[in-house]
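> If you want the building blocks of each chain, they are given just below.
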Amino acid sequence: MNVLSIRTARGVFSLALICSSLAVAQTQTATSRIVSAANAFLATLDQKQRQSVLFAFDDEKQRARWSNLPTGFVPRGGISLKEMSPAQRSAAMALVSSALSPKGFEKVQQIMEGDEVNKINEANRPRNGNTGNPPNPPPDKDGNGPPPGNGGNRPPFGGGLSADLFGKDLYYISILGTPSEKDPWMLQFGGHHLALNVTIAGERGVLTPTLTGAQPALYTSNGKTVRPLAGESDKALALLNSLDENQRKQVILSYRLADLVLGPGQDGKTIQPEGLKASAMNERQRAILLDLISEWAGIIHESAAAARMAELKADVNETWFAWSGPITADPGKNITAYYRIQGPHLVIEYAPQRLGGDPAMHVHTMYRDPTNDYGRRLTAK
Amino acid sequence: MNRRLAAAAAIVLLLGAPASAHRLDEYLQAILLTVEKDHVQASMRLIPGVAVSSAVIGSIDSNRDGIISEAEKWNYAERVLGDLSLTIDGLRLKPKLVSVEFPQPEQIREGLGEIHLELTADLPHGGPNRSLILENHHQARIAAYLVNVLVPRDPDIQIVAQNRDELQSFYQLDYVQAADRSELPILNWWTTFRARTGAVGFASVFRLGMRHIAEGTDHLLFLLVLLLPAPLIAFGSRWAGSAGVRQSVFRIMKVVTAFTVGHSITLALAALGVVRIPNRPIEVLIAISILVSAIHALRPIFPGKEAGIAAFFGLVHGLAFAATLGQLGLGRWERVGSILAFNLGIETMQLIVVAATMPSLVLLSRMRAYSLLRITGALFAGSASVGWIVERSLNAHSSVDMIVDGVAHHAIWIAGVLFAISIVCWSLPNLLNPPATAVDSPVR
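One line per chain: the protein sequences are A and B, in this order.
Position in the first sequence (first residue = 1) + 1378 = this note's numbering.
Position in the second sequence (first residue = 1) + 40 = this note's numbering.
Simulated from the structure, these hints should not be mistaken for laboratory data.
Even glycine gets a Cβ: it sits at the ideal position worked out from N, Cα and C.
Treat the hints with care, since some could be wrong.
Restraint-style ranges between C-beta atoms, simulated for each label pair [claimed, not checked]:
{"#": "1", "chain 1": "A", "residue 1": "R1411", "chain 2": "B", "residue 2": "A111", "range": "55 to 63 Å"}
{"#": "2", "chain 1": "A", "residue 1": "G1735", "chain 2": "B", "residue 2": "L207", "range": "48 to 56 Å"}
{"#": "3", "chain 1": "A", "residue 1": "G1601", "chain 2": "B", "residue 2": "W114", "range": "56 to 64 Å"}
{"#": "4", "chain 1": "A", "residue 1": "D1693", "chain 2": "B", "residue 2": "I317", "range": "55 to 63 Å"}
{"#": "5", "chain 1": "B", "residue 1": "S94", "chain 2": "A", "residue 2": "E1494", "range": "31 to 39 Å"}
{"#": "6", "chain 1": "A", "residue 1": "D1693", "chain 2": "B", "residue 2": "G348", "range": "52 to 60 Å"}
{"#": "7", "chain 1": "B", "residue 1": "W114", "chain 2": "A", "residue 2": "S1620", "range": "48 to 56 Å"}
{"#": "8", "chain 1": "B", "residue 1": "W114", "chain 2": "A", "residue 2": "A1472", "range": "46 to 54 Å"}
{"#": "9", "chain 1": "A", "residue 1": "T1706", "chain 2": "B", "residue 2": "S94", "range": "33 to 41 Å"}
{"#": "10", "chain 1": "A", "residue 1": "E1559", "chain 2": "B", "residue 2": "A111", "range": "35 to 43 Å"}
In silico DSSO-like pairs for lysine-lysine, Cα to Cα no more than 30 Å straight-line [stated by the list, open to error]:
{"#": "11", "chain 1": "B", "residue 1": "K294", "chain 2": "B", "residue 2": "K345"}
{"#": "12", "chain 1": "A", "residue 1": "K1439", "chain 2": "A", "residue 2": "K1560"}
{"#": "13", "chain 1": "B", "residue 1": "K113", "chain 2": "B", "residue 2": "K134"}
{"#": "14", "chain 1": "A", "residue 1": "K1647", "chain 2": "B", "residue 2": "K77"}
{"#": "15", "chain 1": "B", "residue 1": "K77", "chain 2": "A", "residue 2": "K1655"}
{"#": "16", "chain 1": "A", "residue 1": "K1460", "chain 2": "A", "residue 2": "K1426"}
{"#": "17", "chain 1": "B", "residue 1": "K113", "chain 2": "A", "residue 2": "K1647"}
{"#": "18", "chain 1": "A", "residue 1": "K1655", "chain 2": "A", "residue 2": "K1613"}
{"#": "19", "chain 1": "A", "residue 1": "K1655", "chain 2": "A", "residue 2": "K1481"}
{"#": "20", "chain 1": "B", "residue 1": "K294", "chain 2": "A", "residue 2": "K1439"}
{"#": "21", "chain 1": "A", "residue 1": "K1647", "chain 2": "B", "residue 2": "K136"}
{"#": "22", "chain 1": "A", "residue 1": "K1627", "chain 2": "A", "residue 2": "K1481"}
{"#": "23", "chain 1": "B", "residue 1": "K134", "chain 2": "A", "residue 2": "K1647"}
{"#": "24", "chain 1": "A", "residue 1": "K1647", "chain 2": "A", "residue 2": "K1439"}
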């Protein structure tokens, strides 16, 4: 009886604890959750690590120090997961997770996992078996490193080097400014085929510019087939297929596009849009277009994503869709065509890469708001 | 030698010659154009792929000392420039290098080096429709070209079309450029239309049209004198009582519209070069038109046919308007916009004059004293026209212009006084008006 009552009391107590913590979580805004996660992460770091992670909010060099290339080629700021203890690593990933939607975080994890697969693939390739060192030293604290992430052209990769170039632990985290619920600050997380630039300004969250990519773009992990950028490929193809012949004529460009036009280093530029304007689409096609856009706009946490989608929805009639390349894809695989979505506050590019291999297996994508790089529209004084 | 390079080279060897679409490495050459009114900028990023980097470095580092010297940088940039061709409206442009930026050879070797070239070329003046063609043939065998244009900052420049060949080696940019938009902030379609049709500002031609009517007293005199008897009824060979307000207004509008239709037709035809008539006879004919309408104002010679006469002489006046427009020396398509602007200017001024005088004419026409105004006006116009006929046909000098201009200079005062008198007379009908003579039926 006594034991039972103690158990009951304990049960009630723990139930109450869960409820109250849930209630606290409910009253917490997204920003306060991210700030707590950031502070929790920073608390796990030693003095030296913290110095490496923290930058000034307006550090333009660090802001632009991102790329599609492996970190061995274009060193990022901050510290990598590889350099962290397990506790630090999980705090870092908890921080990244807090800033993203569950779907967005899953996409990020799949991109990272893909790079791990890539590493194994590369290591298993018959090569000379030599090991090389990353050609560039990491940048020092004053940012006097090599020039930040440019697009690069066809990076070399190969045998024995893969451990230095690839893998899910070669992702870097950095914080620009001080995590705050009021003042603007930034969280950067990225490595090969990934560059997340999250600007937090009060309750607002901005994800532009952000780069995602995948190589291999299709792999098997724990018996499960994974395609990190499946939505980006399949929804685009669905949109193309939903168009009538006349619309297609406008969408499909007559020329080849070898790479991203507004890749790394091309902040704040607005090119003349091409293709088909969504005002010439029907309601269903516009819905597919918005759903496709949400693959990028929905990476950030839900409340910021909802605000962003509302903005892009308002712009939809001024949004263009253009396509260059094959108009079909092998079942279950990515498209091999380039496409671009451009609106007054949006540039999305999807650019398959042909590094001698199957372009369906390697893709770079860019997500931008030329009017709001690094949340400038929110943080301008 | 770098091992990564060796690995990449091995892949090239494994996969075969870099001629297929799936070539491993390419020389990416991305150009972003910025178009302004008087110049065009080209921002070039050149990124050699790993497998072609040695060849590219070799062509840059001409003395093969492993260092890219300042001279070698500019040398290479000039060679790239030589492989470009840039034309505007078929005219060859001479782009100049503004800046060159080279990475370390080591970075190029890694496939990470971006060469940045900034070019600029002055654009000569041209029509509103411009066509810029950029061709890039640099290292064509290994190149992957990209060309795009930034959305013009200048709202007067609007991109119309971009055309490329499959490789983007050939790029054509069509755009329209308005001369100046400082004048009338009208709708977008109008800006485009104007940009397409008129390099001369719409508003300036519009004002020219207004001024032409306001200062070209002969046109105005013709119209006003023709309007003098408009509110009256012809009774045999004499002008009798007023035709009534509604009828008067209707007739005035009919005369004005007919005149407008007439001069619009010939203005358009002459301005587009369809008809070509020497200036002098037209000027004489205009003077004659005034004489004819002055006589008509004294004694009805074509009662009820005023509109037809207005339209006929309108044709003559239109030819004179065209001569004025011709002095601007515009191209044919620019003229289309200009004709519209000029004619709207004429119409606007005409309406202002009619609006200023019509109430007075209609009100005063109900009184006996109106004949005084009518006869004075007709005699003034008649004598002026005779003076002009003599002057213009003999190419002689007279003081007619001076006198008429002197009167026209006080036109606003005259119109104002006339209006004041008409209001006074109208409000005191019993004092001055004869018993009702108004007839509200059309007169044939």
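> For the pair supplied as a hint, K1627 (chain A) and K1481 (chain A), confirm whether the alpha-carbon distance does not exceed 30 Å.
Distance ~34 Å between K1627 (chain A) and K1481 (chain A) Cα, so the pair is violated.
> R1411 (chain A) and A111 (chain B), beta-carbon distance inside 55 to 63 Å?
58 Å, holds
> Could you grab the alpha-carbon distance between K1647 (chain A) and K1439 (chain A) and see if it respects the 30 Å cut-off?
Roughly 17 Å separates the two Cα atoms, so the pair holds.
> Please test the hint of 46 to 54 Å on the beta carbon pair from W114 (chain B) and A1472 (chain A).
Holds, at about 53 Å.
> Hey, K113 (chain B) versus K1647 (chain A), does the alpha-carbon distance stay inside 30 Å?
Roughly 27 Å between the alpha carbons, so the hint for K113 (chain B) and K1647 (chain A) holds.
> If you draw a straight line from the CA of K134 (chain B) to the CA of K1647 (chain A), is it 30 Å or shorter?
26 Å, holds
> Hey, K1647 (chain A) versus K136 (chain B), does the alpha-carbon distance stay inside 30 Å?
23 Å, holds
> Going straight from one Cα to the other, do K1439 (chain A) and K1560 (chain A) come out at no more than 30 Å?
With a Cα-Cα distance of about 24 Å, the restraint between K1439 (chain A) and K1560 (chain A) holds, given a limit of 30 Å.
> Lying within 48 to 56 Å: is that true of the beta-carbon distance G1735 (chain A) to L207 (chain B)?
For L207 (chain B) against G1735 (chain A), whose Cβ atoms are near 22 Å apart, the range 48 to 56 Å is violated.
> When you check the alpha-carbon spacing of K1460 (chain A) and K1426 (chain A), does it fall within 30 Å?
16 Å, holds
> Does the hinted range 35 to 43 Å hold for E1559 (chain A) and A111 (chain B) at CB?
Between E1559 (chain A) and A111 (chain B), where Cβ atoms are some 56 Å apart, the hint is violated.
> For the pair supplied as a hint, K113 (chain B) and K134 (chain B), is the alpha-carbon distance within the 30 Å limit?
20 Å, holds
Comparing the model with each earlier hint shows violations of hints 2, 10, 20 and 22; every other hint is respected.
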